[in-house]
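Undergrad: Input sequences plus hints: build the corresponding full structure.
Using our numbering, the letters of the first sequence map in sequence onto residues 5 to 438.
The set of hints was computed from the structure by calculation and includes no laboratory data. Cβ atoms here follow ideal geometry from the backbone N, Cα and C, with glycine treated the same way. There are no misleading hints in this set.
Now the in silico label distances, taken between C-beta atoms and shown as ranges:
1) P187 to K159: 40 to 46 angstroms
2) P255 to K8: 40 to 46 angstroms
3) L175 to I16: 48 to 54 angstroms
4) F45 to Y418: 48 to 54 angstroms
5) P255 to A101: 33 to 39 angstroms
6) K374 to T404: 16 to 22 angstroms
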Amino acid sequence: MIQKPKGTYDVINDKRVLYLHELLKNMMEAYNYEYFRTPIFEASELFHRGVGETSDIVTKETYDFKDRSDRNMTLRPEGTAGIVRSFIENKLYGNHAVPVKAWYFGPMFRYERPQSGRFREFYQFGVEVLGTSDALADAEVISIPVNLFKLLGLKNVKVNINTLGDTESRLKYKEALMEYFKPHLNELCEDCNNRFEKNPLRILDCKVDANNTLMQNAPKTIDYLNEESKKHFEDVKKYLTSMDIEYVVNPNIVRGLDYYTHTVFEVSAEIKDFGSQNVLCGGGRYDNLVATLDGPETPAVGFALGVERILNALDAENIDLNLDNGVDTYITYMDEAEKEYALRLATNLRLNGFKTDIDYCSRNMKSNFKQADKLNSKFIIIIGEDEVKNNYVTIKNNHTQESEQIELDYLIYYLDEKLNDECDCDECHCHEEG
RNA sequence: GCGAGUAUGGUGAAGGGGUUAACACGGCGGAUUGUGGUUCCGUUAUGCUAGGGUUCGAAUCCCUAUACUCGCCCCA
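TA: Following this line, the structure appears as structure tokens:
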């Protein structure tokens, strides 16, 4: 048997996937962001220059391949680089309205060991604002996941925020940090020793040594900011407050990708048994990336979230999105003679927007009723010899078990009325979509 | 890259060397050929992830492979 590749999964009628996409689409429309869809594979160089040579994502997790003309290609491991490439290549800094506010939703690929909520092909939703250095953009970007998580019903949504400052501040800080840790390397875990060489900022992110006093007394980025960087951070916090978004300044958040400057943040929520995975999204400002990729100096800020992790969180928190899974009507026929008539009726109902299913294999009555239950059908329509002859249908309400005979010409109005009636009840939320 | 665990029909699973692979759900057929979701009866794995080994005998013990699950690293 051929199996799916490791770390991939099949979506089989998980309504939440489409629902989430729809919800995000509506939300981004309200924020007036533009939908971007960029290629799933790009020139490898884009990610090497963009995401950075020191991050694990690029050094050991990409799916690389050569195409038939021997070009180096990479399946995208994240969304930002592609959006930035598109921004530059299409010269959106010219005629396009600036800032360019982009959102995307699609598969990303990383060659990792799969585990709970983590796959090799996974979906990310993300947002990028290109062309403004104003702290308002940082705050707005942060507000998107926060509002999303609240809308989904997640509890204790929390923003952890920090600033790395501009390039100059960041560099000064990095030196100070290395000087601070150098004499104490033997007190840190093995991973931290590796990080010291590769990416010293990430030592601060270590979970093993988190409670080490050495860590708590380490130099803070905030102390190495120049005036401009300091003001930017203050402004971000100010705007968050004016949107009633709670945040905690956490000097240990540095993020893994090389391109971040100034604001970095993570949004977490309180989720049962999630441990370190309660970080549901991360992002920050990356003022140098556009220039690094040969575009004009363009400040930018964005974030991304993993769709699978969100769905996992909803599961863990037992959040039911009240998605209606049932069909409106299920059509049965007594005999082969009525089969075509039933088929025509099904088509007619479907074209009128009623979610309709039909007996596909001339089952007996008993199996038909069972099937109707399995499909969660609200109504069962029964077509027999008499119905065909006299142009009516027998329709049974599966809730009340009441059966009625309805003239064919009137059926659509009948269903329309009954289905809308039904949705006034407390249990049924099928017309309450966001 | 490192570490731990698991693998038995369509599904949940029992069995930890002895001939018929338990039980339950689901499916199909019937009691009941136009009204079910109750009940009852019948039926539903020539086979226990794959390959090799130990043994008179392996689903059961050993080895290898594969897949899945969960940690770590990393990240969303």
